[in-house]
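Heads up, the sequence shown is in the working numbering, so the first residue is 1 and it goes up one at a time.
Derived by calculation from the structure, the hints in this document are not laboratory data.
Below are the DSBU-like pairs computed for lysine-lysine, each with C-alpha atoms no more than 35 Å apart in a straight line:
1) K507 with K407
2) K319 with K205
3) K224 with K319
4) K507 with K110
5) K184 with K51
6) K51 with K81
7) K368 with K224
8) K233 with K371
9) K152 with K371
10) K278 with K296
11) K234 with K285
12) K341 with K296
13) K296 with K355
14) K205 with K360
15) K71 with K319
16) K71 with K14
17) K184 with K239
18) K349 with K285
19) K308 with K205
20) K368 with K157
21) K51 with K507
22) K51 with K205
23) K205 with K296
24) K233 with K349
25) K141 with K407
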Amino acid sequence: MAYGGGQIPVLILKEGTTRAKGKDAQRNNIMAAKIIAEVLRTTLGPRGMDKMLVDSLGDVTITNDGATILKDIDVQHPAAKMLVEAAKTQDNEVGDGTTTVVVLAGELLKKAEQLIDQNIHPTTIVSGFRRACDKALEVLKEIAVTVDLDDKETLKKIAVTSMHSKSVGIAREHFADIAIEAVKRIVEERGDRIVADVDQVQIVKKVGESLFDTQLVEGVIIDKEVVHAGMPKKIEDAKIALLDCPLEIEKTEFSAEIRIRSPEQMKAFLEEEARILKGMVENIKSAGANVVFCQKGIDDLAQHFLAKEGILAVRRVKKSDMEKLARATGGRIVTNIEDLKGAELGWAKLVEERKIANDKVVFVEGCKNPKSVGILIRGGLERMVDEAERALHDALSTVADVFEYNKMVAGGGAVEEEVARRLREFAASVGGREQLAIEAFADALEVIPRALAENAGLDPIDILVEIRAQHEKGNIWYGVNVFTGKVEDMMELGVLEPASVKEQAIKAATEAACMILRIDDVIAATKPKKEEKGGGESSKFGGGEFS
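Taking the hints into account, I'd like the entire structure generated from these sequences.
Spelled out as structure tokens, the structure:
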């Protein structure tokens, strides 16, 4: 609302619209982001705690995976949603380090709030943060160590480090071996760069057995059963036809009327249908196929003909699974059955239907050079199987990151402390008010070793003083060992992380913090009437889980 010259109110915004501006808006946004960061802070590191999330239907998720927690909680505040987006980006880009992004962004905003209280303008802080971010990335590139991609032990340490915070316990090494083998299979060269697309690793979860029974399949697992009881359940030296067309009589696209006046005409009509279906099956057989995976339906009569020919068939296979089958077996997906020739067929050593838990699944195994592989996760508890999937996702992602950008750094807060130390030296050369922002950025980076120490029940001040002292002496890989409570060389202990995870975390956290800092006006539209039945607004934070 504004007032004209004669004090007549001029309505600009809709009735019920709320507006917060200036320092109030900034404080509200910073507060919301800090609350999200506090929620995740206790999950950081091997000694971090888990969160139990209960959704509106009563389904329970127990995890300390940052991406999963933020995905499952219903965050309402717009500024908090930005941190959720930053964590999603981190997960999509590098697959690990989501908790680090949110905790770091929260700490950057906390330090920025202190600078705003000293009357330093948000634009100056943002400018300082961006310069600090560029310098931090420069330092990371300088200190990162090159990884030998044939050194399985180093790759294993990287995979195990990513799973240390997950509750898969003693199965970590087994999972690490599986992750390394899976990524080695799917790696491909495109021009002058190496690409490892983790989406080409298919993960199938089945409750039962133990985590140690989790296995890598050099091929694909199809979560379907063989369509007909009369078909063989096991075929060796499988020649596989991949069809994206139905083995059914297609309905015409236009309306047609067929008048049948005698039983003979009816019989001829049905026989023609059978002849068409038999022709389709003969096409498959003449191409040399003894296994059929069909993305669409297979008619009952076609099933009968396939069974008579001794061909194993599976129908309604997911499109993503069909693509993985094509990559694994070397076959080509055919959209017209008449185009099916021997050259289009894929090959696998074995195709077999097996019963796992209470479900029947089809294994396609022993592919020559599979560019897509499957992992069957087992575990005694549904919650454990879900957590194992998250752990395996992190392990696969970190190993893939190293293949794509073969640089690593030490974990345990060592790299953050070294970057913070270099930033303080850099700040002195900048001078002015930006120097304060760069120093604040350096202090914020130390939240990682501090949170690791706190979560392990150690004194964070003692740990930070000791880490700083070691880094001043030039021991750049010294970090906090949460198991012994001492400051030790993380590189020697084998606590290793891909450099790309740290780089992306610093970039994403800085961008999220800068975006929130630049907001000085929040104009919120009125909510629809039906949502207001619950009894008024929850609070100035906009309701929801963290209001």
